[in-house]
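Start from the sequences and build out the full structure, keeping to the hints where you can.
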Amino acid sequence: MTGSPWSAEFERVLRGYLPLHGPDARLRPDDSLADLGLDSMATVGLLVDVEEEFGIALADDDLTDQTFASPAALWAVVDRLRGASR
Amino acid sequence: MISRTAPLTFGQLSVWRINETYPVSRWSETYLRRTARLPGGCTVDQVLAAVATVCARHEALRTHFVVGAAGLCQLVRPAGREVRVEVVERSPVTPAVADAVADELAADRIDPAEEFGVRFAVLTEGAAPVLLAVVVDHLVADGTGLRRVCAEVVAALGGDDPEGGRWLAQRPPQPVDLAAEQRGGSGLRRAEAALDHWRALLRDVPPEVFPLPRPRTDEPGRVEAILTSSSGRHNLAAAAAATGVSPQDVLLALTAVATAVVVGSDRVVLTLQSGNRFGGRWHSIVSSMNQYAPLLVDLGPGHVGFADFAEALHSATLKAYRAGSYDVDAVTDLVRRERGIDLGFDNFFNFMAHDVDKRHEVTAVPARGVVTDTEPNRQIGPRLDVKVRSGPDLPVVVRTDPRLLPRPALRALLGWYDDQVHRVATGRVTVGELVNDCARALGRGARA
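Going down the list, the sequences are from chains A and B.
Per my numbering: the first sequence = residues 402 to 487.
Per my numbering: the second sequence = residues 3 to 450.
Hint data in this document are derived by calculation from the structure and do not stem from the laboratory.
Think of the CB as a built atom: it goes at the ideal place given N, C-alpha and C, for glycine as much as any other residue.
Among these hints, one or two may not hold up.
[Stated by the list, open to error] Example chain A residues on the side facing chain B (calculated, C-beta under 8 angstroms, incomplete): (1) 412; (2) 437; (3) 444; (4) 445; (5) 446; (6) 448; (7) 449; (8) 450; (9) 458.
Pasting the structure below:
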C-alpha cells in the first residue's frame with residue numbers, strides 16, 4: 402500500500418483482524434477499528450501478533466482502548482516501541 | 003507403531019494437570035460433546051469414510067498420551083488405526099436423542115494411554131444417516147477444535163458448511179509442531195514473559211486471595227441455574243453502548259462485583275479462559291488451547307462509576323489474556339516456592355456470547371428474564387462458575403457449590419444480573435451501589 406504512514410508488515414497483521422474491512426479498501430489512519438470488526442477477543446490476538454511481529458512488549462499503560470481505537474493510534478505505540486528496541 | 007512423538011503442548015499439559023486433580027471416576031464429566039447434521043442422501047459407509055479422512059488429517063484424533071522416561075508425551079499413531087464409531091438406529095433422530103447418545107458415548111472413561119480421545123456415533127433413521135454425535139477428551143480438543151472436526155466431516159460429505167470446506171482445503175497444523183514451537187525461539191520468549199506476569203501477580207495479590215486452595219474433589223455437589231433473557235440481550239448491547247466498553251466487559255465487571263459479594267472480599271481473583279487462538283498458524287488447530295488466566299480485581303472505592311471500573315478491568319483483562327499461554331508446571335513450581343501451596347483456581351468467568359453487537363444505539367427495555375434451575379453436568383470443580391452463551395435470550399449459566407451460594411441465593415443472583423444490565427444501560431451507577439444491591443439480593447450485609 403503506497404503512502405501509508407506505517408509499514409506493510411503492520412498493515413498485514415492489522416488487516417487480519419478487521420473482518421468488516423474490504424480487502425481492496427484503503428485503511429485510513431483514523432478509521433475506527435471497532436467499526437471495522439475488531440472486537441474484544443480479537444484485540445488480544447492483535448496485541449499478541451503485533452508484539453511477535455515487531456519483537457516488542459506493550460507496557461500496561463499502553464493497553465487501553467485508545468491504543469486500539471485506530472490504525473494511527475496503534476501504529477504510534479508500535480513505532481515508538483520498535484524505535485526504542487533498536 | 004509411532005508416527006511422531008513430542009512433549010505436550012502448553013494447552014494439553016494444562017488439561018492433564020487439571021485432570022489429575024479430579025477423581026478418575028469423574029473424568030467423563032469433562033468430555034466435550036457436539037452434534038452435526040449430516041447431508042441428506044449420504045450412506046453410513048460414506049460417513050465412516052469421511053470420519054476416517056478427518057482423523058487422518060488431524061493427529062490429535064489419533065494420539066495417545068503417556069508418561070514416559072522423559073515425562074509426559076504425546077504419541078501420534080499412523081492414520082488408519084481404528085477409531086471408535088458406533089452406528090445407532092433411532093426413530094426419530096432428534097437433537098435430544100443425539101445428546102442422549104453422546105452422553106452414552108461419554109459415560110465410560112477414556113484411557114488416554116490406550117484409546118484415542120475421540121468417539122463418534124452415526125445416528126440413523128431407517129438406516130439413513132441423520133446426525134453425527136462426537137465426544138472428545140479435552141486433552142484432544144477444545145470447543146473450537148471440536149467444531150472444526152464436525153465441520154470437516156460435513157464438508158467431506160459434500161454438506162453445506164463453508165467454514166468446513168475452507169478448513170478441509172488447508173493443510174492442518176498439528177499439536178506436535180506447536181509443542182516444538184512453544185519450547186523454542188519466540189515460544190520460549192512468550193513463556194518467560196508469561197512467567198514474569200505470574201511473578202508480578204503474586205507480588206500484587208495478597209496470599210489469602212490467591213491462589214485459592216483447590217476445591218475438594220471428593221465432595222461432589224453443585225447446583226446450577228440459567229437466566230434466559232431476550233430483554234437482557236437487548237440491554238447488554240445498550241449497556242455496552244452507554245458505557246463505551248464491550249458487552250463482555252459489562253458482564254465481566256458485573257461478575258467481578260458479584261464474586262466479591264459472594265466470597266465476601268473486595269479483592270478477588272477471577273479465572274478467565276484464554277482461548278490462545280490468535281492469528282497465524284495455530285488459529286484453528288484441532289487441539290486443546292484453552293488455559294486459565296487469573297485476573298485480579300480490586301473493587302476500589304464505592305464511588306467509582308461502573309463505566310470507569312469496567313474500562314480499568316478491560317485493560318487488566320488484556321494483560322491476563324496476553325499471558326494466557328504458559329507452562330503450567332513452571333507456574334506451579336513458582337507458586338509452590340512463593341506461596342507454599344498448590345496452584346488452584348476458582349471464580350470462573352467464560353464469555354462465549356460473541357453475537358451481541360454494541361455498535362448500534364439501542365434503548366433499554368424492562369428486564370424480563372426467567373431463571374430456571376438446571377442440572378449441572380459437573381458435580382466438582384470451581385465453587386463459582388459463570389458462563390455467558392450466545393443466543394437470542396443471552397443465557398447466563400451459573401454453577402455453584404451450594405455451601406458457598408445455595409440455590410435460593412443462586413436464583414437471586416441471576417435475577418440481579420438481569421436487573422443490573424438494565425440499570426447500567428439506563429444511567430450512571432457506582433460500584434458501591436451495585437455491591438449493595440447484590441448483597442441485598444443475596445441476603446448479605448450491605449457494604450459500609
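These are the hints, each one checked on the structure:
Because the closest C-beta pair between residue 412 of chain A and chain B is about 14 angstroms apart, greater than 8 angstroms, the hint is violated. Taken as an interface hint, residue 437 of chain A does not check out: its beta carbon lies about 11 angstroms from the nearest beta carbon of chain B, beyond 8 angstroms. With a least beta-carbon distance of about 7 angstroms to chain B, the hint placing residue 444 of chain A at the interface is held under the 8 angstroms criterion. Hint status for residue 445 of chain A: holds, given a least beta-carbon distance of 4 angstroms to chain B, under 8 angstroms.
For residue 446 of chain A, the interface hint holds, the least distance from its beta-carbon to any beta-carbon of chain B being 4 angstroms, beneath 8 angstroms. Restraint check, residue 448 of chain A versus chain B: the minimum CB separation of about 6 angstroms is within 8 angstroms; hint holds. Interface restraint check for residue 449 of chain A: the shortest CB-CB distance to chain B comes to about 5 angstroms, inside 8 angstroms, so the restraint holds. For residue 450 of chain A, the shortest C-beta to C-beta distance to chain B is roughly 5 angstroms, which falls under 8 angstroms, so the interface hint holds.
With its C-beta approaching chain B no nearer than about 7 angstroms, residue 458 of chain A sits inside the 8 angstroms limit, and its interface hint holds.
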